[in-house]
Structures are given as structure tokens and as C-alpha cells.
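Protein chains in written order, with our numbering: chain A, 15 to 302; chain B, 797 to 1112.
One thing to keep in mind: the hints can contain errors.
Here are the in silico distance ranges between beta carbons for each label pair [what the hints assert, rightly or not]:
no., chain 1, residue 1, chain 2, residue 2, range
1, A, ALA282, B, THR869, 29 to 35 Å
2, A, ASN106, B, PRO921, 31 to 37 Å
3, B, GLN1009, A, LEU202, 31 to 37 Å
4, B, ASP836, A, THR298, 21 to 27 Å
5, A, ASP158, B, THR944, 53 to 59 Å
6, A, TRP107, B, GLU1093, 51 to 57 Å
7, A, GLY269, B, ASP962, 55 to 61 Å
8, A, LEU141, B, ASP1012, 56 to 62 Å
9, B, ASP962, A, TRP271, 52 to 58 Å
10, A, ALA279, B, GLY821, 52 to 58 Å
11, A, ASN106, B, GLY1065, 49 to 55 Å
12, A, PHE23, B, PRO921, 20 to 26 Å
13, A, ASN106, B, LEU931, 27 to 33 Å
If you want a taste of the chain A side facing chain B, the calculated C-beta under 7 Å gives, among others [as the list claims (entries may be wrong)]:
no., residue
14, ALA113
15, GLY116
16, GLY117
17, VAL118
18, TRP152
19, ALA205
20, VAL297
Per the computed footprint, the stretches of chain B lying under chain A, defined by three or more beta-carbons under 8 Å from a beta-carbon of chain A, are [to be verified]:
no., region
21, 899–913
22, 1016–1030
23, 1038–1052
Simulated from the structure, these hints should not be mistaken for laboratory data.
Yeah, the Cβ is synthetic: ideal placement off N, Cα and C, and Gly gets one too.
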Amino acid sequence: MSGLLRAEFLKMRKRWMPYVLFLLMLAGAAVIIWLIGYGTWHDDDDPEWAASGFRTFAYPYSVPALLDSGQFWGAAFFVGILATSTLATEHNWGTIRPALVGGVSRARYLLAKLLMLMLVSTVALLLALGFGVLLSLWATSVADTTVTYPGSFTAGDFVLMVSRAALCILPYGLLAFALTVISRSTALGIAGTMGYMTLEAIIVAALGTGGDILQGSRILFLGHSVGALIAENRFGDLGYESTSFRDLEAPDQPGIWTATAVIVAESALLLAASFFVFIRRDVTVSHG
Amino acid sequence: MLKTPDIEHQPAAPEHSDVVLRTVGLTRRYGKITAVDALDLEVRRGQVFGFLGPNGSGKTTTIGMVLGLLRPTNGHVELFGVDTRRDLTGPLKRVGSVLEGASAYPHLSGTENLRIWSMIAGGVPGGRIEEMLSLVGLSERAGSKARTYSLGMRQRLAIAAALLTDPDLVVMDEPTNGLDPAGMREIRQLIRDLGAMGKTIFVSSHLLGEVEQMCDQVAILKSGRLLMQGEVSSLVGQGTALEMQVTDVERAVTVLSGLDFVKTVRRDGVRLIVETAGERAADVSRALAENTIYLSELRTRQDSLEDVFLEMTEDA
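My request is simple: use the sequences and hints to build the entire structure.
Set out below in C-alpha cells:
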């Protein structure tokens, strides 16, 4: 497995796309802290907006704000694009065939790809978060205002917040992974993942206006459970300027453990579907 | 990897046998189309085995099944005596393959591409990558990105990758496709050299001259069915004919058709092709002269692989 992982790392290290995506993540963190957070707080006359802007850039409020946006855009862009591109290009370049006929089992091959994607995504997203936190500390010092927050904020809280966000990125990454394994297409993988994220936001919102059964059926959608976990990251019930277009105030979100169970179960399903299809399907060759 | 239920209890060749590759009733259907139909092949250690067939005859599909990329509808493959339904990855470690449409990572150099394959294979001895690049004549461009390679160079890189782990069996699907004449000659020579080194080579092609020059065994496939399998030397020598020009073609056909040692007489423009043993040339000449028909040219002609192939594929 180590040889496979080293091969995956060499392939990914030599591509320009992960670096571009990473730079976009850093730019996104800067926009959240300075433009959406500090800018709103500094320039908006509406005290409610100004307070919301303050809770976006001021440390430690900035941590949930960054994780929220990072989960939404990070999952959609960084993890989704990286997963689909890494998998589909092997089909496009025809390099998947020599790998599989070299005596590597299909399960190991796919597992190596998945592990490398998880590793690279984790490192990149943590670095982007770290960059965002540094910007937040800088902006907080520039603001020269006392920051007070309910309760405490320990290293353990920070780890828990990051873990919740990671759990929320996982199913969308696996959705991109599964869609690409099944479709063998970068375009379908990315469009499918982003299309799902957009559609589920609309559908969950629409179902929320219906009766008990319709409201209950929202549990089938990842976004509903993800929203519950991300909302748990907030300090009390204090909101921030979110770029992820999700309602964190919904009173009828599932409990934290129910949401976790749904996310884990749906992730497992996506993973199983990916491996089942990849192991069983023909790897197409032209018919000579 | 690919598991097929209901494995029939047919004994596989023992691992120490010199049968390197065997297909047993290998069949692949795509809906109503049968791409490969109950194919029984046997490739022995040290053979350079030519797998011939017109385009669309099922060669690539067969290779896909041999290498585990495609799931057979029926039948099975044995590699080194191991039924690949039970274990595919083990025997495949002893196989190198060059698949149609040479593939490489375009953003990596030739050396890096081979390094990738080496890592996937679990490592190769130091210097092996440079040795293989030199063998296929890519040393000078080893540091260039594969996207800058010509098709011929990518093909040679694929061959280097196939030989990286020093495999016992090398499977090549149309290895000279897309190459210029000089490149084709280089690859043919390389295949002959590998054969001389004792490697078993299974090479598919629709270029008959190429197979005749490289291979010592051949199988001919048409519409997914095996037409024949045998030694190239015996096939090429199989049909001998006399080719001649005579003063009266019409009467010559009548006279020659009446001779009991002549199998067939056919016209090829102004010439006659008389299928008979070469040593019967004097008898043919005498029979024609006795009927006041005179020869202006007479020579023996041995069937080329192309003749055999065309005869078989047209008849089938």
C-alpha cells in the first residue's frame, strides 16, 4: 500500500490544480475575515449587521465562521474537484488500465486513491483554516476591541469544532468520489456534487414549509444533518455572516447524534457504492 | 479481483507446466453480439505468439479478459497455471502489458512515469528505470514531459513500463500501431530480442508481415472464433503452388485441371496459379508441351502468412 500511496502523492504533487484550489481557499479565508467580517463591522451602520460582522472576523468567533464556509466551499470546490479530477483523469489518460493489470487489486487501488485524497484534503483545509485564524488574530488586533464570548474556548473545543466540520465535508467528498467512480467523468462528478448541494438546499427549505411528514423527510438529505452539526459549532446561539447559505437558526434541526448517525450512514453507503461498482465493472478497452 | 460464480471444476494446468497462458472456452458477449466465442488458446513458455485477426475480430476483448480488465461471460483464463477467477493479482505480477493506445501521465516526465509504475509494482532494482529507457531509446528525452512525446515515443515508454518488472510474460496489443516504418522495425526487433532472451510474448496484430517476421506461433481469430493455431513455419510452408505464364491460358486450364497431382488451378490476371507440390514442375511442363502449350515463365511460390490468413478469413 505504501508504494501505491507514494505513486498517488507523486502524481498529485506534480499537478497544478491542487495548488490553484489551495490558493482559492486562502483567498476565500481572506475574504471572510477582512471583507465579510471586518469590512461589515467597520462600515455598516446597522448595529445588528455590525455585530454579525464582528463575530465573523474576531477570534475566537471566527473559528466557527471559517469552518462553516470552509465546509461548504471547501467540500464543494477543493474536495469535490480534487476527487473527481484525480479519479476521472486516470480514465481519460488511459492510465487506469496499466495500473490494474500490474497486479494491484482494484480495492487496494481505489483505497489508495481515497486515502491520498483524504490526506491531501485534510492538510490543505487545515492549512487554509490556520491561515484564516492568523488573519483573524491580525484583524482582531487591528479592531482594538475587547472580545467577549459566552462560556469558554479551549483547545479541546477547537478540535471538536474542526472534527464536526470534517465530518460534514466527508459525505460531499464521498459523493463526488462515488459519482466519478460511476460516471468516469470529471464534469459529471463536479456538476453532480454541486448540483446536489444546490438542489438539496432548495428542497430542504421547501420541505420545511410542509406538514410533519414532509418536514420529517428532510432527514434523508445530508444538508439537514450537516446544518445541525455546523450550528453546534457556534458560541451559544450567536450567528455570523455565513457564505454557505444555510439556516443555522432552524429550531427543528435533528439532534447532534441523529445528525452524526445520518452522515456516517450515508457516507458508508456512498463508499460501499464506489467500491462495489469499481471492483465489478469492466474497465473499457476498445473492441479490436 | 473479478469473481465469477459457479466455477466449473476443470483442472488448471499445474504451475510448473510450461503453459504460460491458457484460455478455456473464453466467451464474451455484449448484448446479442458475441465478441469472443468459446476461445481455447494455449501459449507456452518462450514462445513469441502472434494473435492475428482483422479489426473487430475480438483480439483486444480477449486481451482485456486475459488481463482481468473485462469479465468473461463464460469460460476462464489461466495464467502460469493459476485460474484467474481464484487469483488474478498474483499471476498478473508476472505479466507486463502494452495495451492499445499507449497511455502515460502527460504532466510527468518519462522517468517519473516509470517511477510511478515502479512504485505501483512495489519497487524495481536501482538503475532499472534508466536501463529500460535506454532499451527503448528514450534516454535522451527521459526528462521531458510525456505530453511532448510523439505517439511512437509514448508507445516505447509503454513498452519500457511493461518490461520494468522483468516479467515472464509480455502481452502486447497492436504494439506498432501509430508508429512510422522505422519505429515499427525497432519494435519488431525489440520483440524478437525479448523472444531470444526467453521471454514469452503474446502479441496481437492485424499486420501479417509483422507477425510472420516476429512470431513462431500464431492463432487466427475471426468474428470472435479461433480459426486455427499453429507454428508459423508450418503454416507458411503449408501451401505450395506453381505460378506460370503460358501461350494459351484457356487450354492450359483444361489440361492442368485434368492432372491428378494438381489440386486447383486458378487465374491471376495473365498468370496461372497451380496448386501442387513444387517438385511437380517438370511434370506440369511436360503435360503442357504434349498439348502444344508452351511456358514463358514458371516459378514455385510458397504461401505467405497473408495467403493463409486471407484464405482462412475469407472461407470462414
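We went through each hint and held it up to the structure:
1. Take ALA282/A and THR869/B: their Cβ atoms lie about 32 Å apart, and the range 29 to 35 Å holds.
2. A hinted range of 31 to 37 Å holds for the C-beta pair ASN106/A and PRO921/B, which are about 32 Å apart.
3. Separation of GLN1009/B from LEU202/A is about 45 Å and departs from the stated range, judged on CB atoms against 31 to 37 Å.
4. For ASP836/B paired with THR298/A, a C-beta distance near 25 Å keeps the hint of 21 to 27 Å intact.
5. Between ASP158/A and THR944/B the CB atoms are about 56 Å apart, so this pair conforms to the stated range of 53 to 59 Å.
6. Roughly 56 Å separates the CB atoms of TRP107/A and GLU1093/B, a value that falls within the hinted 51 to 57 Å.
7. At about 60 Å, the beta-carbon gap between GLY269/A and ASP962/B stays in the expected band of 55 to 61 Å.
8. Separated by about 59 Å at the C-beta atoms, LEU141/A and ASP1012/B satisfy the suggested range of 56 to 62 Å.
9. Range check, ASP962/B to TRP271/A: Cβ separation about 55 Å, and the 52 to 58 Å hint holds.
10. Taking 52 to 58 Å as the suggested C-beta distance range, the pair ALA279/A and GLY821/B does not conform, at roughly 43 Å.
11. In this structure, ASN106/A and GLY1065/B meet the distance hint of 49 to 55 Å, their C-beta atoms being roughly 50 Å apart.
12. Hint check: PHE23/A to PRO921/B, Cβ distance near 22 Å, so the stated range 20 to 26 Å holds.
13. Evaluation of the 27 to 33 Å hint for ASN106/A and LEU931/B yields a pass: the beta carbon distance comes to about 28 Å.
14. With a least beta-carbon distance of about 6 Å to chain B, the hint placing ALA113/A at the interface is held under the 7 Å criterion.
15. Taking 7 Å as the C-beta cut-off, the interface hint given for GLY116/A holds, the closest approach to chain B being about 6 Å.
16. The beta carbon of GLY117/A is positioned within 7 Å of a beta carbon in chain B (closest approach about 4 Å), and the interface hint is therefore held.
17. Because the smallest distance between the Cβ of VAL118/A and any Cβ of chain B comes to about 6 Å, under 7 Å, the interface hint for this residue holds.
18. For TRP152/A, the suggested interface contact is broken, since its CB lies about 36 Å from the closest CB of chain B, more than 7 Å.
19. Annotation: interface hint on ALA205/A violated; nearest CB of chain B at approximately 24 Å, more than 7 Å.
20. For the restraint placing VAL297/A at the interface with chain B, the shortest Cβ-Cβ distance is roughly 4 Å, inside the 7 Å limit, so the hint holds.
21. With 10 residues having a beta carbon nearer than 8 Å to a beta carbon of chain A, the region 899–913 of chain B meets the requirement of three or more and the stated coverage holds.
22. Three residues within the 8 Å Cβ limit are the bar, and the region 1016–1030 of chain B against chain A gives 0, so the coverage statement is violated.
23. For the region 1038–1052 of chain B, the assignment as covered by chain A is violated, since 0 residues bring a beta-carbon within under 8 Å of that chain's beta-carbons and 3 are needed.
Comparing the model with each earlier hint shows violations of hints 3, 10, 18, 19, 22 and 23; every other hint is respected.
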